[in-house]
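Colleague: Chain residues, written in single-letter form:
Protein chains: 2
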Amino acid sequence: MKLTILGCYSATPRIIAQTTAQVLETRGHHFLIDCGEGTQIELRRHKLKFNQIKHIFISHLHGDHYFGLIGLISTFRLLKREADLYIYGPKGIKDIITLQLKLSKSWTDFNLFFHELESTDSECIFEDDKVSVYTIPLIHRIYTNGFLFVEKAFDRKLNVEKAEEKNIDKAYFRKLKQGSDILNRDGIFIKNAEVTSIGVKPKSYAFCSDTAYSEAIVPIIKSVDALYHESTFLESQESLCIHTKHSTAKQAATIAKKAEVGTLILGHYSSRYKDLRLFKSEAETVFRPVELATDGKVFAI
Amino acid sequence: MKLTILGCYSATPRIIAQTTAQVLETRGHHFLIDCGEGTQIELRRHKLKFNQIKHIFISHLHGDHYFGLIGLISTFRLLKREADLYIYGPKGIKDIITLQLKLSKSWTDFNLFFHELESTDSECIFEDDKVSVYTIPLIHRIYTNGFLFVEKAFDRKLNVEKAEEKNIDKAYFRKLKQGSDILNRDGIFIKNAEVTSIGVKPKSYAFCSDTAYSEAIVPIIKSVDALYHESTFLESQESLCIHTKHSTAKQAATIAKKAEVGTLILGHYSSRYKDLRLFKSEAETVFRPVELATDGKVFAI
Numbered sequence: 007m008k009l010t011i012l013g014c015y016s017a018t019p020r021i022i023a024q025t026t027a028q029v030l031e032t033r034g035h036h037f038l039i040d041c042g043e044g045t046q047i048e049l050r051r052h053k054l055k056f057n058q059i060k061h062i063f064i065s066h067l068h069g070d071h072y073f074g075l076i077g078l079i080s081t082f083r084l085l086k087r088e089a090d091l092y093i094y095g096p097k098g099i100k101d102i103i104t105l106q107l108k109l110s111k112s113w114t115d116f117n118l119f120f121h122e123l124e125s126t127d128s129e130c131i132f133e134d135d136k137v138s139v140y141t142i143p144l145i146h147r148i149y150t151n152g153f154l155f156v157e158k159a160f161d162r163k164l165n166v167e168k169a170e171e172k173n174i175d176k177a178y179f180r181k182l183k184q185g186s187d188i189l190n191r192d193g194i195f196i197k198n199a200e201v202t203s204i205g206v207k208p209k210s211y212a213f214c215s216d217t218a219y220s221e222a223i224v225p226i227i228k229s230v231d232a233l234y235h236e237s238t239f240l241e242s243q244e245s246l247c248i249h250t251k252h253s254t255a256k257q258a259a260t261i262a263k264k265a266e267v268g269t270l271i272l273g274h275y276s277s278r279y280k281d282l283r284l285f286k287s288e289a290e291t292v293f294r295p296v297e298l299a300t301d302g303k304v305f306a307i
Numbered sequence: 007m008k009l010t011i012l013g014c015y016s017a018t019p020r021i022i023a024q025t026t027a028q029v030l031e032t033r034g035h036h037f038l039i040d041c042g043e044g045t046q047i048e049l050r051r052h053k054l055k056f057n058q059i060k061h062i063f064i065s066h067l068h069g070d071h072y073f074g075l076i077g078l079i080s081t082f083r084l085l086k087r088e089a090d091l092y093i094y095g096p097k098g099i100k101d102i103i104t105l106q107l108k109l110s111k112s113w114t115d116f117n118l119f120f121h122e123l124e125s126t127d128s129e130c131i132f133e134d135d136k137v138s139v140y141t142i143p144l145i146h147r148i149y150t151n152g153f154l155f156v157e158k159a160f161d162r163k164l165n166v167e168k169a170e171e172k173n174i175d176k177a178y179f180r181k182l183k184q185g186s187d188i189l190n191r192d193g194i195f196i197k198n199a200e201v202t203s204i205g206v207k208p209k210s211y212a213f214c215s216d217t218a219y220s221e222a223i224v225p226i227i228k229s230v231d232a233l234y235h236e237s238t239f240l241e242s243q244e245s246l247c248i249h250t251k252h253s254t255a256k257q258a259a260t261i262a263k264k265a266e267v268g269t270l271i272l273g274h275y276s277s278r279y280k281d282l283r284l285f286k287s288e289a290e291t292v293f294r295p296v297e298l299a300t301d302g303k304v305f306a307i
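As they're listed, the protein sequences go chains D and H. So the first sequence is residues 7 to 307, counted in the working numbering. So the second sequence is residues 7 to 307, counted in the working numbering.
So here's chain D without its partners, still in its complex pose:
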């Protein structure tokens, strides 16, 4: 998995601080997660190809997480996109987009599918033979979901030399990679483990923004390889979390610890903080390793 942070600041876009958007590349997919104002420019800046984006996941309808969506869709249209586009987001997102397309008389020539979310239980919203995507119900001022991306098992790794030694016909290689036992050219039974080893370990990534501290998400994100959890404030401003329903860096780290995740990535910083290292050091008092999201940063998961 490769995660590119296009924007990771809260509230309003500024000259050197973009609002939330990120692209997760996994098993041939380029999933766009949230789409703050100016996301299309950040996609260009980081040379991410527009046409590779087929699925867009919107956490909630606060502007810093979706105001760039209508512009991105319009640009897709102007660039004569043909590929289908799937948008997953809270109920109402379809009305917002279609009202603007209607009033500008700018219907898209590509298919635009809306998958509106209303459930407060975690549900599978996308699945193919390589990846599944689940919602993570979050606690915020309005209806909000995080998203969990889980890779399916990779093929087993075939030792071709050994397979040839064992006189196995090439036609069986695919089946071996998929884990089957087979018969060789001499009719001898070959156990799969004799010629294969475990493949690449499938990875998982959880995006949780925006949210108040919520232990209810722990079982959903248990043991993910990487967790992006918002940390709008530091512990010294914890009181601001109550009204705004955001989290501190320490709270994010507590969730990471309880869920036993691989790596915690912090983001969604309030503009009041000039030194992001304070978020890292605060979180590290509870959990390690901690990474700081910054605009343009790329994480290999």
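Hints may be right or wrong, so weigh each one.
Treat identical chains as interchangeable: a pair holds within one or across any two.
Said to hold, decoys possible - Taking lysine-lysine pairs in the DSS-like style, the calculated list, with each CA pair at most 30 Å apart, reads:
1. Lys108 to Lys97
2. Lys256 to Lys86
3. Lys111 to Lys60
4. Lys197 to Lys286
Keep in mind the hints are simulated off the structure, nothing from the lab. Source: prediction; values computed, not measured.
Following the hints, put chain H in place on chain D, whose structure we already have.
Modeller: Below, chain H without anything else, positioned relative to chain D:
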């Protein structure tokens, strides 16, 4: 008048090319004209204060002219704006904005007044004792208006030395500046022109984007000091104007010539052209002077 170009490119925002937005400063007003995606960032970049903007004029509902509006309004809210905000634009703009405010549960604490436009005749949409603003009906793929900003007469310039010589009481100075004749301390009739001269010449500015070539606008914009007229294409691509309802640089210059304007400012360039000087030289075959808008450029009118 001072005109700051925040963005002057057509279609889609790119890393170094912003879509349409400009600020006209005149007689204490800071009028925002159009508001493409990212306008709030360009306002910050050019150090234009958010709170000075009280009136926003939207020409039409193509995204490159208004996708930044909801973000700007949201930022005003986050910055705890108190001043009223007036938005002038095509019917539908109120629905677009209020739907998004409603779904995000983010109603503004300041008053938001919508003045929705439907008329295809030029009309006065704003007036105070210093400035009037009129619509300029344009021809485009959807309902579109340009805007004409006309300063009202400035006070006459009082020659204080002469007035004292003529034994005029200071209490009459205001009346003299406003053009009245008066009686001096000796009861002698003083004609206004004896102690005043003509004041600063009031200025006018017309913004015309987007539009096909339309001579119908000539009487409305007659003799304006500066005309911003779109020139999406060069004459060599004139055929593209027919379907898209845009203008060439030459057509813009022809309108400027017929309307006998002071200066023609070109903008709304298609991204297909790398050398903007071609627009200037093409327009200059018909009319002079011609200026090229570029992002961040400031014009004194």
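Colleague: Cα distance capped at 30 Å. Does Lys108 pair with Lys97 within a copy, between copies, both, or neither?
Modeller: both (18 Å within a copy, 12 Å between copies)
Colleague: At most 30 Å between C-alpha atoms: does Lys111 with Lys60 qualify within a copy, between copies, both, or neither?
Modeller: Both. Shortest intra-copy (23 Å) and inter-copy (29 Å) distances satisfy the 30 Å Cα cut-off.
Colleague: Given identical chains, is Lys197 near Lys286, meaning Cα to Cα at most 30 Å, within a copy, between copies, both, or neither?
Modeller: Classified as neither: same-chain Cα gap 48 Å, cross-chain 77 Å, threshold 30 Å.
Colleague: Check Lys256 against Lys86 for me: Cα-Cα at most 30 Å, and say if that holds within a copy, between copies, both or neither.
Modeller: between (46 Å within a copy, 28 Å between copies)
When the structure is compared with the earlier hints, a violation turns up for hint 4 alone.
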